[in-house]
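Asks: Let the sequences and hints guide you as you build the complete structure.
Start counting the sequence shown at 12; every next residue gets the next number (our numbering).
It is worth saying that the hints were derived from the structure and are not from the lab. None of these values were measured; they are calculated from a predicted model. No residue lacks a Cβ here, since even glycine has one placed at the ideal position from N, Cα and C. Among the hints, erroneous ones may be present.
To be verified - Just the calculated beta-carbon pair ranges, DEER-fashion:
1) Ser310 with Gly379: 58 to 68 Å
2) His73 with Arg128: 32 to 42 Å
3) Gln335 with Gly406: 34 to 44 Å
4) Val441 with His390: 27 to 37 Å
5) Arg428 with Arg344: 46 to 56 Å
6) Pro483 with Glu360: 31 to 41 Å
7) Arg468 with Ala387: 39 to 49 Å
8) Gln102 with Ser261: 13 to 23 Å
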Amino acid sequence: MLSPIRRSDATLGLSGWLRVAAILVGLGIPALVTWTMYRQYSQDLTDAETRAVNTARALGQHATRSFETIDTYLRAVASLVGPRADALPSQALHAALHEQFVHSRLNNIIIIDRDGRAIVEAAAFPTRSLDVHDRDYFQALRERPDDGLIIGRPVVGRLTGKLLLPVARRIDNPDGSFAGIVQAMLDLETFQAVYAKIDNGPGATLNLWRADGTLLLRSPRMPELVGKNFADRANYREHVLPRDDKPFWSPGLTDAVVRVIAYSFLDGYPLYVGAALSRADVLAGWRRSALTQGVVAGSLTIVLVVALLLLAREIEQRQASDAQTRASEGRLRALTDALPQMVWAMDSEAGATVYHNAQFEAYLGPIGSTHTDRLAAHHPDNAERLAERRTAAIGKGLAHSEESRLRRHDGVYRWHRLMVIPVRRAGEIVEWIGTALDIDDIATARKELAETAALLRATLETMDEGLILYGPDLRVRLHNRRARTPRSA
12 MLSPIRRSDA TLGLSGWLRV AAILVGLGIP ALVTWTMYRQ YSQDLTDAET RAVNTARALG
72 QHATRSFETI DTYLRAVASL VGPRADALPS QALHAALHEQ FVHSRLNNII IIDRDGRAIV
132 EAAAFPTRSL DVHDRDYFQA LRERPDDGLI IGRPVVGRLT GKLLLPVARR IDNPDGSFAG
192 IVQAMLDLET FQAVYAKIDN GPGATLNLWR ADGTLLLRSP RMPELVGKNF ADRANYREHV
252 LPRDDKPFWS PGLTDAVVRV IAYSFLDGYP LYVGAALSRA DVLAGWRRSA LTQGVVAGSL
312 TIVLVVALLL LAREIEQRQA SDAQTRASEG RLRALTDALP QMVWAMDSEA GATVYHNAQF
372 EAYLGPIGST HTDRLAAHHP DNAERLAERR TAAIGKGLAH SEESRLRRHD GVYRWHRLMV
432 IPVRRAGEIV EWIGTALDID DIATARKELA ETAALLRATL ETMDEGLILY GPDLRVRLHN
492 RRARTPRSA
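Replies: Here's what the structure looks like:
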């Protein structure tokens, strides 16, 4: 009993399996390419998230170091100069500030009195007129003694005309009352130059934020957004307030472009850094790869599926043709087996038997397949003549016939009429077909008839009377020696 697999295999056949293979190829290659592209897609997004996190951390470390340095200068000035600001001469204060200023990359260091007016600055002497009583950082330090380092909103410097970031610390009197502030003016171009060197794609953004959601710096530049507060946005509420530094995908706070965003929060300072990579940039290479692989895989799939289907159809046609051929051969074999005469086929080279019908074996019995084996079945008196006739006919490529006695399997010789004809293909003889018809009864009857006719003629010739035999047309058919042959009527 066939197993289910073998029954299925026998049912489908080779052409059926080829069609199954075509379906599998048609589904498998696109599925494989889709799976591969999905993995690449996921990997590209993951890589973008990692890159955003690493960029934010690097910029966060840069910002931390920068503001630690600034804070160090401000602490030194506040502790050494601040309590004695009213007692020290202005030139001495300027010298003290200038000492700190020349070793920094700051735009200026300024001491502001309790009313918001500049009393000494590091960049110039005598001090230029400057009033900051209306600035947010001045008001915050005046009202809250323990706020530490304060970052103001970016301002256009009244003395320099540059976009500056105020960084300030409170100066207290010995009794703890407010004496003023010391502020450093950070030129944001120093940060802008660092951010501009980072290439995360044309749609990427790098931002420096104040903890309350105020944008301090953006790269690429968008001056109209600097100083604007975005604390009312969902990203701020969901990720900044809980200090979530995990990457997330969202439209940016400053535009509607979908990006992967990562934040890095500065410990000890009211600042955080944001790094964002555009989804379009991140997936640009993937889209090109997907298009290329899609075209290649699609073309390959079409070619393979068409080839398999054509091969399946070719095999089906060939199988149908083979089935027709087998059916035809079966009919021909049945026909030749039903014939009362022997039929056999010989190759064109040595004359070996390649086919014979049932009558052939029934008459001759089991004999070899060579020409010599067949020739041995002929009566010795006929065999030599047959061999000569066959050689001559094969040399000319002609059909030939002969009468010969063939030995039956029981040793009896009977007369047969032999006919051998060539089978040609493309003009070349590929085999010979032979037939042998038993004519022994006919030969015997013919011999007996000849003997009877001879006896009759001998009898007529011995008669004393003349005898004339006329046919229906009154022509003389027979007469003996004593009869005078008359003229035809």
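Asks: Tell me the hint numbers this structure goes against, listed in increasing order.
Replies: Hints 5, 6 and 8 not satisfied by this model.
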